[in-house]
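> The task is simple: from the sequences and hints, build the whole structure.
Residue 84 in my numbering sits at position 84 of the sequence shown, with consecutive numbering throughout.
Think of the hints as simulated: they come from the structure by calculation, not from any bench. Some hints could be false.
In silico BS3-like links for lysine-lysine, alpha-carbon gap of 27 Å or less [as the list claims (entries may be wrong)]:
{"id": "1", "residue 1": "K239", "residue 2": "K43"}
{"id": "2", "residue 1": "K43", "residue 2": "K252"}
{"id": "3", "residue 1": "K239", "residue 2": "K252"}
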Amino acid sequence: MAEAFRAALAAAARETQDVLRERLAAHDLPVAQAMEHAVTGGKGLRGFLVLEGARLHDVAREAARLPAAGIEALHAYSLVHDDLPAMDDDDLRRGQPTVHVAWDEATAILAGDALQSLAFELCADPLVGSHRADLCLALARAGGIAGMVGGQARDIMAETSETPLDLARITELQQGKTGALIRWSAEAGAVMAGADAGPLGRYAQALGLAFQIADDILDVEGDAAKMGKAARKDAAAGKATFVSLLGLDAAKARAAELVEAACDALSPYGAAAGTLRETARFVIARES
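Now the structure itself:
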């Protein structure tokens, strides 16, 4: 089952990357090349969640692949900007040079801006269906001040705060920074179908937190070569993380509890949600 899941995840990642390459192929500009560089590689987890949620609600694959590619574009934009010298100043992402290293800072900023716009272009495509405005509104909220950007802003503020983050505040921060896009991804299929997104929202809330705890664990235990980025940066920076607050063993136990909660939330879908359950288990077993 694990091998079949990984194969399905890889196939979905290739599918969403193909959509993005098709959209960029007509533009013979360095910024377009930088955009393609930014969306290449990676697990494609968010796009995979869109495709699986759509499958559960009988949304056509041809329609679902557009927002699946869109969320990968938006996620890539966030990474391009996060890697800039003004933010995390990282040289390596997904095992390759970051965009500002491979090109320059100006190109990286423009590539990120254009990837964000492309995300909304894909989600607003008429092929997505009659609920595409709802999808775009939800994406704006998930990616903006109430979601990812707000979480990132809190993370930056925490670096210079005299009071270290406690568990409640770091949970709130990560529900925005990491969790908001994961939740949008999981709920997108239900939104496209005009169905109740509640069960998938509850699944995603637990999944997103488990994902971040797993990231914190990888920062301590992970192999930089497998991760494709620097390890042990949080400890070096003295940042409060789930591992620093809970301890390594308790953090692992909490992540496992969240995976079970995510799987339980899928009970309305029965056996049809088996792949999403595998996704939850993959989140805490991954090496990158």
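> For which of the previously enumerated hints does the structure constitute a violation, in increasing order of number?
As far as the earlier hints go, not one is violated by this structure.
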